[in-house]
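Chemist: Read off the chains here:
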Amino acid sequence: MIKSMLTAGLMAWLMSVAMVTHGAIETYQFDSPEQEERFRQLGFELRCPKCQNQAIGDSDAEISGDLRAEVYRLIIEGATDEEIKEFMVARYGRYVLYSPPLDRQTFILWFGPAGLLVIGGIVVALRIRRSKHALEQGESNA
Amino acid sequence: MNRIMVWLPLAVFAILVGFFFKGLTLDPREQPSALIGQPVPEFQLTDLNTGQPLSREQLPQQPFLLNVWASWCITCQVEHPYLTQLSQQMPVVGLNYKDTETAAKNWLQKLGDPYAVQIFDPTGRLGLDLGVAGAPETFLVDGSGVIHARIQGEVNQRVFERQIQPLLETFQ
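Protein chains in written order, with the numbering used here: chain A, 1 to 142; chain B, 1 to 172.
On the chain A side, residues computed to face chain B include the following (Cβ under 10 Å):
1) I63
2) D66
3) V123
If you're looking for bench data, these hints aren't it; they were derived computationally from the structure. Predicted, not measured: the structure shown is a model, and the values here were computed from it. Each residue gets a CB set at the ideal place from its N, CA and C atoms; glycine is no exception.
With the sequences and hints as input, model every part of the structure.
Modeler: Have a look at this one:
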């Protein structure tokens, strides 16, 4: 009996804590499911300017809420995804894009890792070939 | 060829050390503003003190600081005495960001009002157009209304000397 009361009390407390941390839950009304899906997708692709590594759709920061409201407003006004991203970049810089566009500035970002892998592969291949060669020579000498 | 290969790992290591060393002194929270070199965005807001409409054209026609603040912002209180001191030297325009009129007015009454103009932006509309991520933030604007620098966080003597003063000198 006491145990179940304790459990119920604990549950109630946990629920109230959960409510507090969530604060106000935003409800946005969309004209179509596609709009809602775009809103969700942009929430993943836009980065919270205040946080180190969180998308605006995933962040409780005040600014993320503001940016979500802005994305919502732009979607309802009929802006395309591209226009919404441009709007954000014009204000918050490229930092807000999780997937930066490919150009001269971001070239290293996109191809650097693959380039390093290729160079590493070439080095390893050369080494193997050379040691094989040395081994074969050693055998023929013996 | 072989000699190069022997030194290659050390060279790569040295380059990495260089990057990491630089990284030690970088603050990842500081991001370049997208508005450097751009004019202050247009706005139609009100003056907090008079309640009169306020737009970009009414901002000072000389170099000034645009300080984004709010009564809920602790760091704004910290930098307030220094901004008050700076206001002797150049106009400081206030952008009261996502605040309530009463709270903002009380704050100014308690801590003093060094601001040349006070833009009241309760919804954060102008803040968003400026790319503001939170308060305080301070923009250095030249006489023709173009933004030259953005400081995220507290403005103090050191920040002024390092980030604002050198740019101010280029204006003259």
